[in-house]
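Protein sequences, first through last, are from chains A and B.
0 is the number of the first residue of the first sequence in numbering that gives the first Met the number 0; add one for each residue after it.
0 is the number of the first residue of the second sequence in numbering that gives the first Met the number 0; add one for each residue after it.
A hint or two may mislead.
[As the list claims (entries may be wrong)] To give a feel for the contact side, a few chain A residues facing chain B, derived at Cβ under 7 Å: (1) I2; (2) I184; (3) A218; (4) A283; (5) A363.
[To be verified] If we take Cβ atoms under 10 Å as the criterion, some of the chain A residues that face chain B in the derived model are: (6) V138; (7) S141; (8) G142.
To be clear, the hints were calculated from the coordinates, so they are not data collected in a lab.
Remember, predicted model here, so these are calculated numbers, not experimental data.
Each residue gets a CB set at the ideal place from its N, CA and C atoms; glycine is no exception.
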Amino acid sequence: MIIGWRADHQDLAEVAAKFLAENSSSGRVRAVVESDAGVDRELDAAMAGLGWFGIEIPAEFGGAGASFAELAVLLEVMGAHLASSGFLSSAVLCAGAVLVSGTDGQRRRWLPGLASGKTSGAIAVPRSCTSGGARVTAVPRSGGWRLSGTAPFVLNAPDADLFIVDADAPYGRFVLLIPAGSPGITITRRPAADGTRCLSEVGFTGVAIADDNILASGAAASSLLDTMVNRAAVALAADSAGLAARVLEMTTSYIGQREQFGRPIGSFQAVKHRAADMLVETEAVRGLTGHAAESVRCDPVAAGLAASMAKEYACATGVAVAGAGIQLHGGIGYTWEHDLHLYLKRAALNEALFGDGRWHRQRAAHALLER
Amino acid sequence: MNETGLAQLRGEIREWCVTNVPANWREEQTTAGHDEFVAFQQDWLARLRSAGWAVPHWPAEWGGGYSLAEQAVIFEELARADAPRLALHFVSLHHAAATLLHAGTGEQRAAHLKAILDGEVWCQGFSEPGAGSDLAALSTRAVRDGDHFVVNGQKIWSSLAMYADWCLLLARTDPRAPKRKGISYFILDMTSPGIEVRPIRQASGDEHFCEIFLTDVRIPEGNLIGEENAGWQIAQSTLNSERGATMVELAERLGVGFDWLLELARSVSADAVARDEIARLGARLRALKILVRESLDENVRAEQRGPLASVIKLYYSELLQRMTGFGTTLSGLPGQLRARRPASSGWESGEWLLDYIGSWEWTIPGGTSEIQRTIIGERALGLPREPRQP
């Protein structure tokens with residue numbers, strides 16, 4: 000990469016890269032993929048030991064008190080190493096939602112466990128994201144509510160201690176925080192082509208909901224859902240930027256060595272120029288994503304546009320760069336033994352999760368044209 | 000300067016622009032002839048200079064001394080106020096000044112830097128009919144004759160050379176040396192006998208590129224920049240070093256062009272397909288601005304500054320082309336009617352078809368997009384070079 004890390008992120012990024020090179024090696028990732036687990040529990044335990052799960056959570060709840068910008072650094076490095084982790088669901092989205100909207104009681108109850116990694120959170124793709132969004136309804140029942148419906152795509156469900164899901168309510172929407180043991184919850188694993196992430200369908204059948212399960216309702220719920228989508232968008236953008244950078248490294252190394260017609264194929268302009276385009280796009284989306292992370296951290300007004308732009312561009316670039324990487328590797332790049340297909344599949348899932356490219360472009364266009 | 004200082008500077012420029020950016024300059028410059036264009040440009044330079052904002056990128060002793068962050072603010076505000084561009088002085092304020100500051104003698108700087116602020120116009124004499132992308136193959140000869148050099152040859156694609164007082168000239172002084180080691184860099188007085196300038200009409204219909212024919216033109220040896228035969232290295236390093244400030248301005252101008260594109264999209268009630276492209280363009284414009292900012296920052300290793308300049312030039316020019324092409328599409332059939340672009344405007348004047356045609360003035364000169372990709376591949380990624388012919 001031409002442009003390095005921000006000076007205050009340099010150490011974090013280097014430590015993370017060193018740790019993941021060991022703890023999320025190709026062999027480890029492949030073992031997870033073959034197991035269909037969708038998550039590397041050993042990796043998560045090790046990450047929890049380093050305090051990563053609490054990086055954004057304030058010290059009073061047992062976290063490190065850093066910010067979303069530092070989360071984004073970790074996510075970029077995790078993308079580069081195909082980390083198969085509950086981090087996105089638990090640390091970025093569930094902890095983020097409790098942090099942003101939780102009552103004092105909810106924060107005290109959930110954040111310390113989420114920070115230490117002892118508690119694991121599952122997040123449902125919200126209904127507003129159209130593709131794969133939750134279809135869940137809350138109806139009033141004896142002083143509380145009963146929840147029924149299906150969330151067809153939930154991250155990290157089998158290991159979860161809590162679920163965060165949005166639901167239609169008699170007046171507006173709810174964002175709900177539901178303990179995993181609640182009666183009426185069924186989890187069905189849905190192994191994805193990308194074996195580095197854990198997707199499930201979660202059914203809710205008459206699950207009892209009380210006030211302390213409500214994270215936000217009405218206008219506050221819409222606002223929280225927006226925030227969650229922004230956080231997910233930037234997280235996935237960072238992951239895709241990281242995996243693009245890694246694929247570019249692999250490809251540069253390969254085409255510099257592989258010889259055909261008596262010379263390294265990287266000396267041919269047709270190949271060299273394609274690699275140059277991979278670099279240009281990767282640098283562009285790394286910067287855009289870092290900027291969007293800053294917006295999410297401190298500029299709620301600008302965050303929606305910044306996050307949607309980063310999501311659509313970085314995730315599309317992840318797919319394009321991974322695809323170009325396979326193409327430039329030729330036949331060997333298309334084999335199961337080579338890691339490139341793992342990158343392409345993860346990039347493709349990143350593109351589709353929490354609002355696909357088209358959805359985020361329409362969201363960005365709305366912010367640009369009708370603001 | 001801290002955030003408060005920058006905000007204060009921003010406020011000052013904004014206020015200054017309100018009273019100093021000439022009203023209706025677009026209308027007037029759309030019908031302007033050559034003389035009106037030159038007079039307008041000289042007047043605008045004088046105004047900017049008296050306010051202290053003509054050359055923020057120069058060292059303080061010559062009238063600049065603004066930090067990169069301050070330069071960015073100045074160029075941003077000028078772009079946002081839709082101020083005219085200093086098109087006539089682009090080479091003098093950027094390339095000529097950077098070259099003299101980097102490699103000029105004290106005498107050369109004294110002779111020209113203040114004069115440039117007074118409105119001296121410069122052009123570049125680099126490309127030749129036989130030396131475009133392969134610039135180092137140039138064959139214009141400069142032969143020493145006592146304390147002079149005698150120059151013969153032909154230059155091409157020299158922007159606005161018909162108005163130029165001076166020319167930054169590359170010529171071969173040692174034909175036996177390897178091609179990059181036999182080139183010298185000269186300051187050429189455009190009033191010298193033996194110079195003929197012929198404008199070339201371009202695809203856009205404008206005439207601002209020129210051919211320069213040089214027949215037995217005499218240049219005093221005091222007008223040699225740097226050492227004899229070291230011209231190639233000087234030209235390369237100044238081209239890289241001056242790109243930073245110009246790209247801040249160009250990226251900000253493109254941002255203003257994007258605002259017009261948004262207006263156009265609203266006026267034609269853009270459909271979902273068009274809105275999709277608008278979002279893509281918006282994301283890429285923002286990415287460009289961030290790349291430009293990052294290139295001015297210190298988290299770029301010194302040896303990567305050159306390749307990064309190539310990344311930004313490539314990215315800017317292709318985004319300009321894509322954006323103006325999309326503006327043309329959105330303009331529909333009415334956008335196909337003949338129009339004129341205002342002189343003194345940026346590369347995005349709002350006449351989308353002409354701007355689109357004009358965008359090739361960015362993807363070809365200054366190293367084509369293909370040359371930039373080769374530079375990026377070899378110098379940023381370290382890929383092996385194409386085998387060279389002996």
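Hints and how they fare:
The beta carbon of A/I2 is positioned within 7 Å of a beta carbon in chain B (closest approach about 5 Å), and the interface hint is therefore held. Hint status for A/I184: violated, given a least beta-carbon distance of 37 Å to chain B, over 7 Å. The interface hint given for A/A218 is broken, as the beta carbon of that residue sits about 26 Å from the closest beta carbon of chain B, more than 7 Å. Hint status for A/A283 relative to chain B: holds, with the closest Cβ pair at about 4 Å, below 7 Å.
With its C-beta approaching chain B no nearer than about 4 Å, A/A363 sits inside the 7 Å limit, and its interface hint holds. The beta carbon of A/V138 comes no nearer than 35 Å to any beta carbon in chain B, farther than 10 Å, and the hint placing it at the interface is violated. Because the closest C-beta pair between A/S141 and chain B is about 45 Å apart, greater than 10 Å, the hint is violated. Checking A/G142 against chain B: minimum C-beta separation of about 45 Å lies over 10 Å; hint violated.
Checked against the numbered hints above, the structure breaks hints 2, 3, 6, 7, 8 and satisfies the rest.
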